[in-house]
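The whole structure should be built from the sequences, with the hints applied where relevant.
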Amino acid sequence: MASAVGAIGAAGAAPSESGVWSWITTVDHKRIGVLYGVSAILFFLLGGSEAFLIRMQLASADADLISSGVFSQLFTMHALTMVFLAIMPLGAAFFNFLIPLQIGARDVAFPRLNALSYWLFLFGAILLNSSFVFGGAPDAGWFAYANLTSTTYSPGDSMDFFTLGLLVLGVSSLAAALNFVVTILNMRAPGMTLMRMPVFTWMALIVSFLLVFALPILTVGLVELLLWRFFDMPFFSAEFGGDPLLWQHVFWLFGHPEVYILILPAMGIVSEILPTFSKKPLFGYTAVVFAGVAIAFMGFAVWAHHMFTVGLGPVAIAAFSASTMLIAVPTGIKIFNWIFTLWGGSLDLRTPMLFSLGFVSLFIIGGLSGVMHASPPLDRQQQDTYFIVAHLHYVLFGGSIMGLMAGIYFWFPKLTGRMMGEGLGVIHFWLMFIGMNVTFGPMHLVGIMGMPRRIYTYSEGSGWEFMNQLESVGAIILAIGLIIFAVNIFRSLRSGEVAGDDPWDARTLEWSISSPPPVYNFDAIPVVYSKEPFWDQKHPELAHDKPPADAVAPVAEDPASIHMPNPSYWPIIVAFGASLMAGLVIVNPYLAFIGGAITMMGVYGWIFEPAGPEEHH
Amino acid sequence: MATHSTTAPHTGPLATTTGLDHRKLLMWTFLASECLFFGSLIATFLLFKDASVSGPIPQEVLNIPVTSTSTFVLLTSSLSMVLALAAIQRGDIVSGRVWILATAVLGATFLGFQVFEFKEFIDEGLKPSTNVFGASFFTLTGFHGAHVAVGVIWLMSLFIFSFKSKDGIPASKSLDVELCGLYWHFVDIVWVVIFTVVYLISSLE
Ligand SMILES: [Cu+2]
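As they're listed, the protein sequences go chains W and P. Here this note's numbering is used: the first residue of the first sequence is 1, the next is one more, and so on. Here this note's numbering is used: the first residue of the second sequence is 1, the next is one more, and so on.
Bear in mind the hints are in silico, worked out from the structure with no lab data behind them. Positions of the beta carbon are idealized from the N, C-alpha and C atoms, including for glycine. Take the hints with a grain of salt, since some may be wrong.
To be verified - Calculated pairs, SDA-like style, for lysine to any residue (alpha carbon to alpha carbon, straight line, at most 20 Å):
no., chain 1, residue 1, chain 2, residue 2
1, P, 127, P, 183
2, P, 49, W, 552
3, P, 49, W, 243
4, P, 164, W, 604
5, P, 49, W, 605
6, P, 173, W, 223
7, P, 173, P, 183
8, P, 127, W, 239
Stated by the list, open to error - A short list of chain P residues far from chain W (calculated; beta carbon distances all over 10 Å):
no., residue
9, 64
10, 108
11, 192
Okay, here's the thing in structure tokens:
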């Protein structure tokens, strides 16, 4: 016991150690954010390479660069990788790094649970991708419709890697979401009411609630798929009274909220950047927040717009068509608020601002093509064509990725203490903006011309050759843009201009502390009187909500006396056990008990580990 | 267990924004998520209970008297859980231990009933793979049983580790038991819904 006490005494210094072991055992939200971010960018490059191969195969008619079987694996894994291993974890990276900094907290509510989320994500991602080595990756499309996923049409293990990989990733996301909900609701600095929270934190809260309510639905679908494939339980077998459409309902009941899980973090990021570079507060803060809440609620009532062609009957189709058109309203509210934020502002077109403006303009295009699918007769023409591919990439690439890129350029100085290169940044932006439109723009046209998605080749004389060639050129431009991005990151890390605490003259609490932030974030927990506390502190003459005359500035604590949670290796052990359990199910369900035993051992080790002041009671 | 928390001085802000303990808020949010989990399983059951193309059908196998008994056992365990928490909060070490053990035993008894029921059904020709009623029934009640099993392990852990100190689980740590209680009551409530939907309503027609 005495040694454990000693360890706690030294805990304040422990998390700042370096070396591989310190990263494996870290429970610091900033470091976990870095782990998430670096992993997600690597997976983004992997998913991008898969897309690049797809584009090379489709660059000419009757090409045979890739076989149809491998092509199916590529488009399935491209989507799964981008959705679950790139965009979601990039969102998680920002949540981790920013939430405590924005609400004036020293860490998240459950630091070790946070580490567990990351390791589950990493191991789940490895499990999913290991299918490439063990007999072939999932190839039934990322939404994996029954019957294509039956043991008849998907023999072998590929769909089991899909099911079990996503189950592990789901547990990871759920744990992270629960942690963020508690952190945001419970750890705000004194005075930070809900309606004074930064918009990014608001969006993080909404996304976390979406995950809390949407993931269990996917889990049930995956469990049923697993039981169907392993034990012949006939959930999706029509000949036994099962229903293949049940999978579609379950998947999209998760899948549509998932769309907002992917886009809301980017919306939050842009809502921070536009005011900063317009030198104006966000126009209609309350409207932006409530529009986000409305989107979250309505997101659960539109799922069947993915199923207009399956024969739901006129009443259901009309209802889901109407609800889908209705959800465009809160989305439109946000867009108008961003535009009015720009209106009359003194715009400073630095890289984060360029990406944010790119986000707004491309997301408008993606949103408009999205409203088109809300019309069932139009949707029946567009179903399964490249028009859908165009739409979803305008929303997820033009939207999510552009927004997340904006965030990387914006908060990189806070994370590393150095600025990202502005010159390379501007080149990166224009290559991505142009490359994105050249790649995905023509897909609208070729889709209307009737080109189905997910075909591995097309014949000479179909009339699709030129458009496809153009799209592949766009993919090359995007690839060059990403190389510039990578060069910029490495150069900036080594020799970027030193940033200082507040390089952008920004507005929220994270800019009030040093760059990079100290382990404990805030030596004095700030007291908040307004929506933009740091801006109002810098410009008291402009402040709307002023501190009362008798307000006392919070007293800084001696850093040596601030106790941060201890590092711990139990999260990685529990994550390893759980992922091993999932992987072993594929080999033999009985072997899975080995993984279960490791998990149990890890859980008990976890419970009886003294964790430092934040977590023990 | 008890020594380290007193030696590490608390310096951070102790009060939470909502006034709720972090762990309690975590549990409430987790249980909200669980509602959707069981809701989806129950929806699957409702979709499939009368959709089987071959028997056995629910009315042929469901044994209401037996399940009513096991339901009574499980509901009683919620009462003993309440008594356990109350005992620990007023510092009554022995009663605290007894009621925690009683709750675990009642939970295990419920699981025994479930094993018996599953075996009966399989003997009567209803396996999980027999038809969609079987598939959705075993999945729903099986996952509920798994939740009860986790609860029993949790309770037994609390019971065993209460002997690590002669003070048992002190009143200052009653939250450990309260969290387990929240989970336990939730699992009981889910069973009330399952008993109503799966057993009572399905056996009517
Ligand atoms: Cu949708």
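Do the hints match the structure? See the list:
1. 127(P) <-> 183(P): Violated - the C-alpha atoms of residue 183(P) and residue 127(P) are around 30 Å apart, more than 20 Å.
2. 49(P) <-> 552(W): violated (65 Å)
3. 49(P) <-> 243(W): holds (13 Å)
4. 164(P) <-> 604(W): Since the Cα atoms of residue 164(P) and residue 604(W) sit roughly 15 Å apart, the hinted pair holds (cutoff 20 Å).
5. 49(P) <-> 605(W): violated (43 Å)
6. 173(P) <-> 223(W): Status violated; Cα separation ~36 Å.
7. 173(P) <-> 183(P): At roughly 17 Å apart (the allowed maximum being 20 Å), residue 183(P) and residue 173(P) satisfy the hint.
8. 127(P) <-> 239(W): Since the Cα atoms of residue 127(P) and residue 239(W) sit roughly 17 Å apart, the hinted pair holds (cutoff 20 Å).
9. 64: The assertion about residue 64(P) holds, with a minimum of 24 Å to chain W.
10. 108: holds (18 Å)
11. 192: At about 19 Å from chain W, residue 192(P) clears the 10 Å cut-off, so the statement holds.
When held up to the earlier numbered hints, the structure conflicts with 1, 2, 5, 6 and fits the remainder.
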